[in-house]
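Asker: Listed below, chain by chain, are the residues.
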Amino acid sequence: MDLQWMAWTTPTALFFIGIAIMLAGMTVWEVVSPTAEAKGFLPMRTTRGDRLFIGLLGSAFIHLGWLAATTVSLWGALAVSLVWTAFVIRFG
Amino acid sequence: MDKVQDNRAWFLIIPVFLIVAFSAVLPLMTVVNYSVQEIFGPGQTFFVGTEWFESVLADDRLHDALVRQIIYSLAVLAIEIPFGILIALGMPGGRSARTSLTLVLLALPLLIPFNVVGTIWQIFGRGDIGLLGATFRAIGIDYNYTNNSAHAWMTVLVMDVWHWTSLVALLCYAGLQSIPPAFYQAAKIDGASKWAVFRYIQLPKMRGVLIIAVLLRFMDSFMIYTEPFVLTGGGPGNSTTFLSQYLTQMAVGQFDIGRAAAFSIIYFLIVLLFSFVFYTIITKTGEGEKK
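The listed protein sequences correspond, in order, to chains A and B.
19 is the number that the working numbering gives to position 14 of the first sequence; each next residue is one higher, with no gaps.
175 is the number that the working numbering gives to position 20 of the second sequence; each next residue is one higher, with no gaps.
By construction, these hints were calculated from the structure, which means they are not laboratory data.
All of these numbers come straight from a predicted model, not from anything done at the bench.
Check before you lean on any hint, since a few could be wrong.
[As the list claims (entries may be wrong)] Dumping the calculated DSSO-like pairs for lysine-lysine here, alpha-carbon to alpha-carbon at most 27 Å:
{"hint": "1", "chain 1": "B", "residue 1": "K360", "chain 2": "B", "residue 2": "K439"}
{"hint": "2", "chain 1": "B", "residue 1": "K360", "chain 2": "B", "residue 2": "K343"}
{"hint": "3", "chain 1": "B", "residue 1": "K360", "chain 2": "A", "residue 2": "K44"}
{"hint": "4", "chain 1": "B", "residue 1": "K439", "chain 2": "A", "residue 2": "K44"}
[Said to hold, decoys possible] To give a feel for the contact side, a few chain A residues facing chain B, derived at Cβ under 10 Å:
{"hint": "5", "residue": "W10"}
{"hint": "6", "residue": "M11"}
{"hint": "7", "residue": "T14"}
{"hint": "8", "residue": "A18"}
{"hint": "9", "residue": "F20"}
{"hint": "10", "residue": "P48"}
{"hint": "11", "residue": "M49"}
{"hint": "12", "residue": "R50"}
{"hint": "13", "residue": "D55"}
{"hint": "14", "residue": "F66"}
{"hint": "15", "residue": "L69"}
{"hint": "16", "residue": "L72"}
{"hint": "17", "residue": "L79"}
Even glycine gets a Cβ: it sits at the ideal position worked out from N, Cα and C.
Could you build the full structure based on these sequences and the hints that come with them?
Answerer: Shown next, in the form of structure tokens:
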């Protein structure tokens, strides 16, 4: 199948592969150990999937904020996002 | 008897999954791909990294359009939600000719295509041939939505209220009709005031439909394009240029596809964030009352 119309690049392909692996991993995790709603530092009860969503959405804004506020390499934003997402999934 | 675990029903969502993947996920992935490239034509693309995002984030016109958009959407919600609830509370209940007539009248604005609504209000607001414009002029108000920003804003806002409050009213009405009469009888026996009936019976029972109403109206108003485009063209100046219109100017007018794609992703993230926050607030509020 010709997917040239989608204008793929290596970085975006890696990005989507990362998201797909994350979703597949969450599915396996859910089957092995079903999630239960829990209350952490977030103001509402959340499932594991909710916390991943909040982590990813927050990461997107961390990257945008980083781009808007600094000229430092985006790897810094990625590091902050990973810490943020891990923190939300563990303590959110 | 224990329920039998049978997950085969999940297969039934495959058609929806495929349709959503084809119509939403793949185009969105393409937009992400475009957002990191300079697009000159089919097959003529050059990777530019985050350049477009940096350019869009530093764009003052975008900041202005975003602020305008947030104010507009909040104003729409602040007017349409209470107004829709009020209309629903005042509507006749039961099965009667009055109920049918009210429902049909309320449904009428919803059936009119967006560009026709814009055209109706464009003519309606004109001082020379429009009823609204001529009436304002007759009572001494120099109303002109084409060269006065405040008038343009008021007209765009009132047009949206005219077009969409019916939706909120109809949703709330459906919520109200689902309340069993026993609730009202119990309230009457307890001597509850009208406010108490509204606060403790009607409002909690309307919560589900209000979630839908707030989300629909927020997302629709946040992505509004056609009506203001037809009515004011985004003017006077840029005073009624909302995000969608600015995006269209960029993508179609200037054919700046890469930059427009970066803008689209930021726009999408903002809509996602607001929708998530609204959804969470509305679904989590009152959870304690249920238990």
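Asker: All hints are to be evaluated individually against the structure, with a verdict given for each.
Answerer: Against the structure, the hints come out as follows:
1. Only pairs whose Cα atoms come within 27 Å are accepted, and B/K360 paired with B/K439 is accepted, the gap being roughly 14 Å.
2. For the given pair, B/K360 sits about 17 Å from B/K343 by alpha-carbon distance, which is consistent with the 27 Å threshold.
3. With a C-alpha separation of about 26 Å, the suggested pairing of B/K360 with A/K44 holds against the 27 Å cut-off.
4. Of the supplied pair hints, the one linking B/K439 and A/K44 holds, its CA atoms being roughly 12 Å apart against a limit of 27 Å.
5. Checking A/W10 against chain B by beta carbon gives a least distance of about 7 Å; that is within 10 Å, so the hint holds.
6. Hint status for A/M11: holds, given a least beta-carbon distance of 5 Å to chain B, under 10 Å.
7. Satisfaction of the interface hint for A/T14 is found here, the shortest Cβ-Cβ separation to chain B being roughly 5 Å, below the 10 Å cut-off.
8. For A/A18, the interface hint holds, the least distance from its beta-carbon to any beta-carbon of chain B being 9 Å, beneath 10 Å.
9. A distance limit of 10 Å between C-beta atoms decides the matter here; for A/F20 the minimum to chain B is near 7 Å, and the interface restraint holds.
10. Because the closest C-beta pair between A/P48 and chain B is about 8 Å apart, less than 10 Å, the hint holds.
11. Hint on A/M49 holds. Least Cβ distance to chain B is approximately 5 Å, under the 10 Å limit.
12. The interface hint given for A/R50 is met, as the beta carbon of that residue sits about 8 Å from the closest beta carbon of chain B, less than 10 Å.
13. Because the beta carbon of A/D55 sits about 9 Å from the nearest beta carbon in chain B, less than 10 Å, this interface hint is met.
14. Look at A/F66: its Cβ gets to within about 7 Å of chain B, closer than 10 Å, so that hint holds up.
15. Annotation: A/L69 was flagged as interfacial toward chain B, and the flag holds, the nearest CB pair being 7 Å apart, inside 10 Å.
16. Taken as an interface hint, A/L72 checks out: its beta carbon lies about 5 Å from the nearest beta carbon of chain B, inside 10 Å.
17. Proximity of A/L79 to chain B holds as hinted, the smallest CB-CB distance being about 6 Å (cut-off 10 Å).
Violated hints are absent here; each numbered hint is respected by the structure.
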